[in-house]
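Throw the hints in and build the complete structure from the sequences for me.
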Amino acid sequence: MPVDIDAAVIENRRLSADYNVLSLAAPQIAAAARPGQFVMIKTSGGQDPLLRRPFSIFEVLRDQSGEPSGISIFNKRIGVGTTLLSRVEAGARLPLLGPLGRPFEPVDPPAEAWIVAGGVGLAPFVTLAAALQARATPTTLFYGARRAEELYCVNLFEDLGVTIVLSTEDGSLGVRGRITVPLGDALERRPLGNPVKLYVCGPTPMMRACAHLARAHGRACDVSLEQVMGCGLGGCYSCVVLAHGADPSTGLGAGGGKPHHTRTCIDGPVFDAQRIVWDAVSGH
Amino acid sequence: MDLSLQIGSLTLANPLIAASGCFGYGVEYADIVDLSTLGGVAVKGLFLSEREGHPPPRIVETPSGMLNAIGLQGIGVHRFVAERLPELRERRAIVIVNICGTTLDEYVEVARILSDAEGVHALELNISCPNIKEGGITFGCSLPGTHAVVSAVRKVTRLPVIPKLTPNVTDVASFARAAEEAGADAISLVNTFLAMAIDVHTRRPKLTNIVGGLSGPAIRPIAVRMVYECRRAVKIPIVGMGGIATADDVLEFMIAGANAVQVGTMNFVDPFIWTKLMDGIRAYMTTHAITRLQDIVGTVDTSAREKAWISS
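Just so you know, the sequences run in chain order A and B. All residue numbers for the first sequence refer to this note's numbering, where the first residue is 262 and numbers rise by one. All residue numbers for the second sequence refer to this note's numbering, where the first residue is 87 and numbers rise by one.
It cannot be assumed that every hint is accurate.
[Claimed, not checked] DEER-style ranges, computed between Cβ atoms:
{"no.": "1", "chain 1": "B", "residue 1": "288", "chain 2": "A", "residue 2": "438", "range": "24 to 34 Å"}
{"no.": "2", "chain 1": "B", "residue 1": "372", "chain 2": "A", "residue 2": "328", "range": "39 to 49 Å"}
{"no.": "3", "chain 1": "B", "residue 1": "188", "chain 2": "A", "residue 2": "543", "range": "23 to 33 Å"}
{"no.": "4", "chain 1": "B", "residue 1": "138", "chain 2": "A", "residue 2": "341", "range": "27 to 37 Å"}
{"no.": "5", "chain 1": "B", "residue 1": "224", "chain 2": "A", "residue 2": "431", "range": "54 to 64 Å"}
{"no.": "6", "chain 1": "B", "residue 1": "294", "chain 2": "A", "residue 2": "464", "range": "17 to 27 Å"}
{"no.": "7", "chain 1": "B", "residue 1": "173", "chain 2": "A", "residue 2": "476", "range": "30 to 40 Å"}
No wet-lab data here; the hints were simulated from the structure. No residue lacks a Cβ here, since even glycine has one placed at the ideal position from N, Cα and C.
Shown next, in the form of structure tokens:
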């Protein structure tokens, strides 16, 4: 059950002009959070912007005794709300509603997990990598950005024993090109008998390309989608995507037939990539 | 302290109602809000059959408000009765079903089905959604149309009938009068204001539907004025809404003439708003020694202003 906490900002760690990691004190949310879930944050004390913004839970923070004490979010400055969150200072308070959404389901060995992240799409994967590590599932992170300076927080994954594959569009680090280049190569080389599941988050064209690769190679693939969201609780029907098949929360869409508008907040943000009608997905 | 009110044969324990389109079918909120503590729950608008609604993006924020063009996505009246109503009954919610139609016959058919369903307490007639071209708004923007829908539904149900009025007309009070004459038990207002937002870089509308309905605190003063005008035009109860965010906003609507209120957009911002509003109303009643909340309805005192205006 989600709770609303007036969370204190513990730290605002600025990674660059556009990216920051915001740590927030929220023990109840941290204790209940599962990999890939999100929170709704009120970015202003006033009414502009009016609505909360959805953010993946980036890290679960722990106190000295190892108890969950808070969460962090991985923020990219894009609009008014994210700009406010890039500037906020320690000690400020932000209303924080969560945890929300359908989480990732981590696979168990001998299956392997391949995490595929583009840009700010890294956000839901630290919690997933931690859950995979706890199951001793062999995990690889495929992480792409435009240039080396925009590949952030790789150490968090290294610390969890994750194998790292990087790519940059300018070739300044790792494989030159988009992350689908090394991912495609790895899928080609993979013997069919060895199960592997893909977990993908990033720009829409990247997720669409990964969904096609996964289908072509017969691999399971979950995506974490972000849509413009009004409430985060299933009340407003703003955050829909066109999807095939039945929704987990309501069974709507069961019986097949035409795809239907399903809510990203309560039937996602994590979806089987093959359910999504990619040509109808808005966003970049 | 008496916070109750009467709409036709229905008693509401308090004036706080979750607004249609802003609270799903109620069940989405059942784990975090005790539905039985609300005056009522106005569920998402229902047609006879399922509807997919408009393609996203469906909302965009504007200063102190938001535009939406959801397009009345919904599960249809049959699935609602079979799959959602049992839980609402179990949670002891006062259920106000918002009903839609593309034709007069569809309104009547949906009303009939709901009148036979156990656990439906009132019907709110959606004749005011600005995002659907066919039906609905065409009834709500014509005085004979409003009269026709309300009378037709009135004939087939014993449930309280509450037409929801659009603000996108020249004189909303005349529509309130038409609804009252046609046998409405109450009216609710306002639905959203038809509005538009454009991305100047792409020169494209920010909503797929091009236009949408504006809601939130930005519209509140206009909604308060319209409730005030309707109070002077009709005797039946008024359910006021438009950007209510605090207990003072609830009280403002009531003093303007509303017997009850609905909260929509601000429930998105704070789903725990209900207890805060209730606490604020009770505190106000204590401060002002009010034992019966309905006593403040329509008590706005304009006399001093009128005198000042005349003498100036």
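Evaluation of the provided hints:
| no. | hint | result |
| --- | --- | --- |
| 1 | 288/B to 438/A: 24 to 34 Å | 28 Å, holds |
| 2 | 372/B to 328/A: 39 to 49 Å | 41 Å, holds |
| 3 | 188/B to 543/A: 23 to 33 Å | 27 Å, holds |
| 4 | 138/B to 341/A: 27 to 37 Å | 31 Å, holds |
| 5 | 224/B to 431/A: 54 to 64 Å | 56 Å, holds |
| 6 | 294/B to 464/A: 17 to 27 Å | 20 Å, holds |
| 7 | 173/B to 476/A: 30 to 40 Å | 37 Å, holds |
In this structure, every one of the numbered hints holds.
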